[in-house]
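Asks: Sequence order for the protein chains is A and B. Each residue of the first sequence is one higher than the last, beginning at 179 in the working numbering. Each residue of the second sequence is one higher than the last, beginning at 186 in the working numbering.
Since the hints were derived computationally from the structure, they do not count as laboratory data. Check before you lean on any hint, since a few could be wrong.
Said to hold, decoys possible - Derived list of chain A stretches under chain B, where covered just means 3 residues or more per stretch with a C-beta under 8 Å from a C-beta of chain B:
(1) 419 to 431
(2) 553 to 559
Claimed, not checked - Straight-line alpha carbon distances no greater than 20 Å define the calculated PhoX-like cross-link-like pairs of lysine-lysine that follow:
(3) A:LYS585 / A:LYS628
(4) B:LYS209 / B:LYS425
(5) A:LYS662 / A:LYS430
(6) A:LYS585 / B:LYS425
(7) A:LYS430 / B:LYS209
(8) B:LYS209 / B:LYS424
What the hints assert, rightly or not - FRET-style restraints, in silico, Cβ to Cβ:
(9) A:HIS787 / B:ARG299: 36 to 44 Å
(10) A:ASP582 / B:ARG453: 30 to 38 Å
(11) A:VAL231 / B:ASN442: 49 to 57 Å
(12) A:GLN699 / B:GLY446: 45 to 53 Å
(13) B:ARG299 / A:GLU567: 52 to 60 Å
Just so it is clear, CB atoms sit at the ideal spot from N, CA and C, and this is done for glycine as well.
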Amino acid sequence: MSQTENVIFAVVLAIAVAAFLQSAWRLVSFIRLGKPDGRLSGELVRRFWTMLVYAFWQRRVRKEPYGWNHFFLFWGFIILFLANGEFVIAGLFPSLTFELLGERIYGVLLFLFDVVSMIVLVNVAIAFFRRLVLKPAHIEYNSRDGYLILSLIGALMLAFFCLYGSEFASGTMSVAGVMPFTETIFAPLMGSLFGSAAPIAARVFWWLHGLIVLSFLNYLPYSKHMHILTAIPNCYARSFEYPATVPREEFKPGAQFGVSVVDEFSWKDLLDFTACTECGRCNQNCPATSTGKPLNPRLLVHDGKVNLLTNGPKLLQGNRSANLLPLIGTTDEHEGTVGEDALWACTTCGACMTNCPVFIEHVPKIIKMRRHLVENEARFPHELSVFFESVEQRSNPWGITPGDRAKWARDLSVPLMSDAKCDTLFFVGCAGAFDARNKKVATAVVRALKAAGVEFAILGTEEKCCGDSVRRLGNEYLFERMAKANVELFKKYDVRRIITYCPHCYTTLKHDYRQFGMETQVVHHSEFLHELLETGRLKLDGNKPAVDGKVLYHDSCYLGRYNGLYEEPREVVQRVTGRAPLEMDRRLEKSFCCGAGGGRMWMEEEPEHRINANRVREALGKDADVIAVACPYCMTMFDDGIKDERAEGRVKVMDIAELVAARLPG
Amino acid sequence: MTTRKTLNHVVVAVKQVPDTTQVKVDPATGTLIREGVPFIMNPFDTHAVEEALRLKDRFGCLVTAVTMGPPNAAATLRKCLALGVDDVVLVSDRVFGGADTLATSYVLSEVIRRVEKEQGRVDLVICGKQTIDGDTAQVGPGIAVRLNYCLLTLVDRILDISGAERTITVRRKLEGRREVVRALMPACLTLVREVNEPRYPKVPNRLMAETAEIPVWDNQFLQLSLSRVGLKGSPTHVKKIFAPERARGEILGDAENDPEGAVALLIRRLIEKDLISVGR
Numbered sequence: 179m180s181q182t183e184n185v186i187f188a189v190v191l192a193i194a195v196a197a198f199l200q201s202a203w204r205l206v207s208f209i210r211l212g213k214p215d216g217r218l219s220g221e222l223v224r225r226f227w228t229m230l231v232y233a234f235w236q237r238r239v240r241k242e243p244y245g246w247n248h249f250f251l252f253w254g255f256i257i258l259f260l261a262n263g264e265f266v267i268a269g270l271f272p273s274l275t276f277e278l279l280g281e282r283i284y285g286v287l288l289f290l291f292d293v294v295s296m297i298v299l300v301n302v303a304i305a306f307f308r309r310l311v312l313k314p315a316h317i318e319y320n321s322r323d324g325y326l327i328l329s330l331i332g333a334l335m336l337a338f339f340c341l342y343g344s345e346f347a348s349g350t351m352s353v354a355g356v357m358p359f360t361e362t363i364f365a366p367l368m369g370s371l372f373g374s375a376a377p378i379a380a381r382v383f384w385w386l387h388g389l390i391v392l393s394f395l396n397y398l399p400y401s402k403h404m405h406i407l408t409a410i411p412n413c414y415a416r417s418f419e420y421p422a423t424v425p426r427e428e429f430k431p432g433a434q435f436g437v438s439v440v441d442e443f444s445w446k447d448l449l450d451f452t453a454c455t456e457c458g459r460c461n462q463n464c465p466a467t468s469t470g471k472p473l474n475p476r477l478l479v480h481d482g483k484v485n486l487l488t489n490g491p492k493l494l495q496g497n498r499s500a501n502l503l504p505l506i507g508t509t510d511e512h513e514g515t516v517g518e519d520a521l522w523a524c525t526t527c528g529a530c531m532t533n534c535p536v537f538i539e540h541v542p543k544i545i546k547m548r549r550h551l552v553e554n555e556a557r558f559p560h561e562l563s564v565f566f567e568s569v570e571q572r573s574n575p576w577g578i579t580p581g582d583r584a585k586w587a588r589d590l591s592v593p594l595m596s597d598a599k600c601d602t603l604f605f606v607g608c609a610g611a612f613d614a615r616n617k618k619v620a621t622a623v624v625r626a627l628k629a630a631g632v633e634f635a636i637l638g639t640e641e642k643c644c645g646d647s648v649r650r651l652g653n654e655y656l657f658e659r660m661a662k663a664n665v666e667l668f669k670k671y672d673v674r675r676i677i678t679y680c681p682h683c684y685t686t687l688k689h690d691y692r693q694f695g696m697e698t699q700v701v702h703h704s705e706f707l708h709e710l711l712e713t714g715r716l717k718l719d720g721n722k723p724a725v726d727g728k729v730l731y732h733d734s735c736y737l738g739r740y741n742g743l744y745e746e747p748r749e750v751v752q753r754v755t756g757r758a759p760l761e762m763d764r765r766l767e768k769s770f771c772c773g774a775g776g777g778r779m780w781m782e783e784e785p786e787h788r789i790n791a792n793r794v795r796e797a798l799g800k801d802a803d804v805i806a807v808a809c810p811y812c813m814t815m816f817d818d819g820i821k822d823e824r825a826e827g828r829v830k831v832m833d834i835a836e837l838v839a840a841r842l843p844g
Numbered sequence: 186m187t188t189r190k191t192l193n194h195v196v197v198a199v200k201q202v203p204d205t206t207q208v209k210v211d212p213a214t215g216t217l218i219r220e221g222v223p224f225i226m227n228p229f230d231t232h233a234v235e236e237a238l239r240l241k242d243r244f245g246c247l248v249t250a251v252t253m254g255p256p257n258a259a260a261t262l263r264k265c266l267a268l269g270v271d272d273v274v275l276v277s278d279r280v281f282g283g284a285d286t287l288a289t290s291y292v293l294s295e296v297i298r299r300v301e302k303e304q305g306r307v308d309l310v311i312c313g314k315q316t317i318d319g320d321t322a323q324v325g326p327g328i329a330v331r332l333n334y335c336l337l338t339l340v341d342r343i344l345d346i347s348g349a350e351r352t353i354t355v356r357r358k359l360e361g362r363r364e365v366v367r368a369l370m371p372a373c374l375t376l377v378r379e380v381n382e383p384r385y386p387k388v389p390n391r392l393m394a395e396t397a398e399i400p401v402w403d404n405q406f407l408q409l410s411l412s413r414v415g416l417k418g419s420p421t422h423v424k425k426i427f428a429p430e431r432a433r434g435e436i437l438g439d440a441e442n443d444p445e446g447a448v449a450l451l452i453r454r455l456i457e458k459d460l461i462s463v464g465r
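In isolation and in its complexed conformation, chain A is listed as follows:
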């Protein structure tokens, strides 16, 4: 390498690095536009460990087909980082190479680089095959970005092989027999192609290799490949809350609510936008996308990113009014703008977040944008007016007289909190108190608790709607009222433990109410019944037959994904029926929503595209006699779906508490 080359390379390198630093800094300043988020205080070790497990060991990435493919590319990249580091330094100071480490280590490193480069090349070929031939529907397989990135990686590997192949062909390598692929394939190839011009070819490939590295570096901040820089901190900054609970809002005059301009998101939301790899696992598991709704979580994140990159420069100058690309629009057509109909299609089931390999939090973003629509604009699907009014005035979604809330328990002699001194509360929830079918489940819960000798009471007419749907729909103002009223009641009666049979009440009381100072223990009936059966406090009647036929279990989103309760309800079924339940194809973390979460329970859904119909068809394919659920919403959605499919005679829906109650003595 001539000195002139060194100088030219130094200049090119300086320009490339400066350009990269500038665009990286631009990106950092865009992310810094976001609102503060207190999540990073404390838990350093836990965060660091998470980063190692998920970003470097790629635990979630490897769960899917082609995950290993990505793993090899990623680690290939890390190992070749060494090779490229040496390359750049040697470009400036030709004597500073790995050769200085001695022949042995040098040989080992060359062997490693050779093999790893071939592994990377093979994986690039597999990735091309996937995009060109298999064309998986859940990714943008035809994206220019995707092809360009793969081509750059492939070209880099080829340049590497051609460079070393030419060096070997020129006889300038100090070692031999260490680079199997280079020496057996590329050295002879370069020799026959270039003959005595091999040393010149080596220089050309050297420059080609260098320019590809430097252009790749500068392409990064403008492509989805940016994720190699941002996914790692994104895993570090993940939410440890189940789910990523939305923060409270401050209701003071003059304030605006929710998010309508991209800089009203938190910095983590903005980092999320840049960390997306567009792997499509979110939309693959999304019930809305799967049934043809306008929501696609991957595109939502993409729109957020485009919006941030487009508006970022203006927002940095403090220009928040004129000519911004709107974040929320009436249709979903414009890149960088999220359609209102997409926002309303979300069931908040969390499948996107649980399956995202880099912990992007889609649902909180959707809720924040819904808050803007509901609270600032009062603009939402019209059927929600009645729902909001009902919760506000009657404190239940059905708008039934609150005085009737305890009617279901009239003949069960359940004590009221106001009468009994009792530290365990059965928080019935609106469905258990008002919905005909779900009242039977509440009754079954009472029977089971009584059979186990559990002392408990209910709030009766004092209970209020927990506010789950209201919060997920973005009506934080109303939610705050419900939450404060209930927390006040729990305090008034000095409640120490709350049992709920609704996963939505459960999640809201257990996670959301923490923000309102509640520390009471909350248990779901699946946990509680499991414990009662396990410890023998609840005894089943050996002479009573188990429920007739095969039982299929459906995971409720707010029980499974939101709270990790997968095993307990299954074990309850197993204890009651004597065998493990049948399983759906989409189960556990990939369970498919019934369609009622996130306030969708109270909204219209076009008959042709119903989420519950999709799920019911899957269930019917399992040929079960009973579909076991552990959630009142799932109960309603399955019941309705089965009627729509005209399958009433074939299968019935039961809550796990009803399965237990059927086998109680007496």
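Chain A is already provided as a structure; the job is to place chain B on it using the hints.
Replies: Leaving out everything else, chain B in the frame of chain A:
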């Protein structure tokens, strides 16, 4: 005082009522148990407020909501403010208590005169068709007569407002037919629920309304003759309130186990009683 062109000022008369679906009758005394029953804005009046706000959106007119009631009726006016009403007046004084529709419409019409004097020409007074507690549907007409306004009851659509001719054209929902009427303004409208779908309040407005000062007009301010207001000004005397006796109903069929059979039975019974008919 600037006067707006087409429409200057709309006054809505609202009432706070007990949520009657939650009211039960004490079987011993036959009186209403009002304890613990929440108060709401009379549902018909929510449509009156909405229609006034739609006129405001269209013509930029001023909207004032007035109510007569106890001090806690301020809650209903706060709701009006949260929805976007410009101004509110709470007419409250012990001497106004126990008023029937005659006394109420007298006080309200005097209030509207006063509002007009302070805030400028009133073109429309809008009321709900009736209240869900009194069910008389007399206060709106009473106001119209006392103010000598054109009276348009049971309106289900405002079709046109002409500023030049000072007329309003509405559609009235009558039994079995609709009637389109044009009348001179100022006019007094009573609305049926089909007229619109009320909006939902925006949170910034709600927060403003929560702390807003609600002006209270008492009789010291209004100076109305005591013989024409409150119980003294009310010729109506309620003798008794009771829940009408009702013969025990009948449960048809077994809806739980044979829903289709139960429905068939119900349809046959309804046809027999000539309550529904089957088209041929």
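Asks: Quick one: which hint numbers does this structure break? Sort them smallest to largest.
Replies: 6, 7, 9 and 13
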